[in-house]
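Peer 1: Residue numbers (the working numbering), protein chains in the order written: chain A, 1 to 159; chain B, 1 to 417.
Hints listed in this document are in silico derivations from the structure and should not be mistaken for laboratory results.
Be aware that a few hints might be false.
[As the list claims (entries may be wrong)] Distance condition first, Cα-Cα at most 30 Å in a straight line; then the derived DSBU-like pairs of lysine-lysine:
1) A:Lys21 to B:Lys70
2) B:Lys63 to B:Lys48
3) A:Lys21 to B:Lys250
4) B:Lys149 to A:Lys25
5) B:Lys336 to A:Lys103
6) B:Lys31 to A:Lys21
7) A:Lys25 to B:Lys38
8) A:Lys104 to B:Lys365
9) B:Lys32 to A:Lys25
10) A:Lys21 to B:Lys185
11) A:Lys12 to B:Lys184
12) B:Lys149 to A:Lys12
13) B:Lys191 to A:Lys21
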Amino acid sequence: MSKGLEFSKKTKERLQAIVAKYPEKGAALLPTLWLAQREFSAITPEVEEYVAGLLGLSLVRVHEALSFYTMYTPQPLGKYHIQLCTNISCSLLGAEELLAYLKKRLNIEAGETTPDKKFTLSTVECLGYCGTAPVMRLNETFYENLTENGIDQILRKLP
Amino acid sequence: MPELVLTKNVGKKDSHTLGIYEQGGGYQALKKALLEMKPEDVIKEVDKSGLRGRGGAGFPAGKKWSFIPKEAPKPKYLTVNADEGEPGTFKDRVIMENDPHMLVEGSIITSYAIGIYQAYIYVRGEYTRSISRLEDAINEAYARGYLGKNILDTGYYLDMAVHPGAGAYICGEETALLESLEGKKGQPRMKPPFPAIVGLFQGPTVINNVETIACVPHIIKNGGEWFNNLGAPGVGGGIKLFPVSGHVKKPGVYELPVGTPLREIIYNYAGGVRGDKKVKAVIPGGSSAPVLKVEEIDVKMDFNSLAAIGSMMGSGAIIVMDEDTDLVKTLRILIKFYAHESCGKCTPCREGTGWMAKIITRIEKGQGESSDLDALLDIANGIRGRTLCPMGDAAAMPVQSFVTKFRGEFEDYIKRG
Ligand SMILES: Cc1cc2nc3c(=O)[nH]c(=O)nc-3n(C[C@H](O)[C@H](O)[C@H](O)COP(=O)(O)O)c2cc1C
Ligand code: FES
Numbered sequence: 001m002s003k004g005l006e007f008s009k010k011t012k013e014r015l016q017a018i019v020a021k022y023p024e025k026g027a028a029l030l031p032t033l034w035l036a037q038r039e040f041s042a043i044t045p046e047v048e049e050y051v052a053g054l055l056g057l058s059l060v061r062v063h064e065a066l067s068f069y070t071m072y073t074p075q076p077l078g079k080y081h082i083q084l085c086t087n088i089s090c091s092l093l094g095a096e097e098l099l100a101y102l103k104k105r106l107n108i109e110a111g112e113t114t115p116d117k118k119f120t121l122s123t124v125e126c127l128g129y130c131g132t133a134p135v136m137r138l139n140e141t142f143y144e145n146l147t148e149n150g151i152d153q154i155l156r157k158l159p
Numbered sequence: 001m002p003e004l005v006l007t008k009n010v011g012k013k014d015s016h017t018l019g020i021y022e023q024g025g026g027y028q029a030l031k032k033a034l035l036e037m038k039p040e041d042v043i044k045e046v047d048k049s050g051l052r053g054r055g056g057a058g059f060p061a062g063k064k065w066s067f068i069p070k071e072a073p074k075p076k077y078l079t080v081n082a083d084e085g086e087p088g089t090f091k092d093r094v095i096m097e098n099d100p101h102m103l104v105e106g107s108i109i110t111s112y113a114i115g116i117y118q119a120y121i122y123v124r125g126e127y128t129r130s131i132s133r134l135e136d137a138i139n140e141a142y143a144r145g146y147l148g149k150n151i152l153d154t155g156y157y158l159d160m161a162v163h164p165g166a167g168a169y170i171c172g173e174e175t176a177l178l179e180s181l182e183g184k185k186g187q188p189r190m191k192p193p194f195p196a197i198v199g200l201f202q203g204p205t206v207i208n209n210v211e212t213i214a215c216v217p218h219i220i221k222n223g224g225e226w227f228n229n230l231g232a233p234g235v236g237g238g239i240k241l242f243p244v245s246g247h248v249k250k251p252g253v254y255e256l257p258v259g260t261p262l263r264e265i266i267y268n269y270a271g272g273v274r275g276d277k278k279v280k281a282v283i284p285g286g287s288s289a290p291v292l293k294v295e296e297i298d299v300k301m302d303f304n305s306l307a308a309i310g311s312m313m314g315s316g317a318i319i320v321m322d323e324d325t326d327l328v329k330t331l332r333i334l335i336k337f338y339a340h341e342s343c344g345k346c347t348p349c350r351e352g353t354g355w356m357a358k359i360i361t362r363i364e365k366g367q368g369e370s371s372d373l374d375a376l377l378d379i380a381n382g383i384r385g386r387t388l389c390p391m392g393d394a395a396a397m398p399v400q401s402f403v404t405k406f407r408g409e410f411e412d413y414i415k416r417g
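Isolated chain A, as found in the complex (with noise of 0.2 Å):
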């Protein structure tokens, strides 16, 4: 384990808080993992085996659950993480159109972040707020209704 690599003292109290709640230790790891990258920002393998000191797993089962789950990031993302939805609600109301519009406005392809750290972009399936189609997640905050007007005035508020 790299040195310095530790838990808040806060944060180990809501680990204990969780890891209570379960039968078994292991069925903490997903929980454990959104801890973990909220705290270090991404899941490198140093905080991999962490967790998996943690909670008793084995590397290869934390390993196993990172590379299966979308939303863990082993790397950490621009400062804003721009996730639009493609799927089919959004499609039919232009998602496709919008999401050419953020890659030429951010100069960066899907699945890229700017050389700035600043901005990263990803297409994601449906986020479940197809009523008001096309929709974007921007880090927590969901923004509906979306069009390249909308965009702009979002992107420009952003400190």
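Position chain B with the ligands against the provided structure of chain A, taking the given hints into account.
Peer 2: Okay, now just chain B with the ligands, sitting in the frame of chain A:
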């Protein structure tokens, strides 16, 4: 319009708090169940209500509960399925964000009926607001003595926790969900044994959708017969949430009697098609449900009526496509989704969805060949019924229905090149 049941508090200020929920009669059903009813009476009442699962398969809820053995060597569990990943579906979120206590109360009553002492609500990771609203609601319920030890001084006890997912459509499938809850990758289990016998942590487990469980307090409060009668005349089965999206003027979640005609939902409630265009196609039950042609939209939205015309009610999510919709592109989006989300365990689904994605992409790019449509159908037929979980069917059905019902449009695409 009949009185709303599940969505009556949507949009009300602080509707997610315990105070507002109790003011509206919340937790009265819990008191009635725990203080006046035996567990088996609760199951009987739900049986009478005609409530069928709202997650996709439409299994009668009361019947599912009665499969759980009374005595078991391992603890029993309730897991509420809040993974809501079926494209087009956004109804469970409405309940969890606006009325989380309805789900909590329903989960307590359900657990009591089955003799369960631990319940989990598995919420998809993207639903951060649902997760925090539920966590707050659970904390409030503990503080008020509705959860924890000796609930309402009856000696009955129950613990409840929220479990966050992390991005994987397959985890909505009930056995994959159990794997995921145990901290593993979400690959479906072989059945049998069924979760009712060997489920979460090896214990007998009930898995129900959010909307299914949210109906329970209302059924207990007003009676099973009352709920059943809320369904359309001659259909029954209560009310249902219909999320409507796509090319309609007023997309949204509509609470309507089971058995409401699809045409009525599209035109009377969702305002008809944008720009007053014509309908070309409608998916009636989430992305996996076989697509309907415009001639078929007089169908009643209930499990049997939709099955009778070869489609399904699924999650009840209605996706409307207007006359200008490019169905080749739309099917490409759906196939790519299933290819991306296939968990990789069963060969027909893992390989077949990838092959279909290649073919449909080729057709869309104008490089399709005349044999491609039969190849698509061939692969879809090869997947259907040949996988451990119904995800294979879910991937095959859109392909089969789009290509068969709109073959002309696909052929034109190929001819045009
Ligand atoms: C690939 C796949 C995805 C599913 N996703 C969900 C889901 O997101 N939510 C849900 O409630 N049921 C989902 N289901 C259905 C569940 O397996 C299960 O039937 C349901 O949760 C049972 O609850 P119910 O009887 O109350 O409907 C899915 C099924 C499959 C095959
Ligand atoms: S299709 Fe985009 S949120 Fe559902």
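Peer 1: Are the hints correct? Go through all of them and say.
Peer 2: Evaluation of the provided hints:
1. A:Lys21 to B:Lys70: With Cα atoms ~24 Å apart, A:Lys21 and B:Lys70 stay inside 30 Å; holds.
2. B:Lys63 to B:Lys48: holds, 10 Å
3. A:Lys21 to B:Lys250: violated, 42 Å
4. B:Lys149 to A:Lys25: holds, 23 Å
5. B:Lys336 to A:Lys103: holds, 20 Å
6. B:Lys31 to A:Lys21: holds, 25 Å
7. A:Lys25 to B:Lys38: violated, 34 Å
8. A:Lys104 to B:Lys365: Since the Cα atoms of A:Lys104 and B:Lys365 sit roughly 22 Å apart, the hinted pair holds (cutoff 30 Å).
9. B:Lys32 to A:Lys25: violated, 36 Å
10. A:Lys21 to B:Lys185: holds, 19 Å
11. A:Lys12 to B:Lys184: holds, 22 Å
12. B:Lys149 to A:Lys12: Holds - the C-alpha atoms of A:Lys12 and B:Lys149 are around 26 Å apart, at most 30 Å.
13. B:Lys191 to A:Lys21: holds, 27 Å
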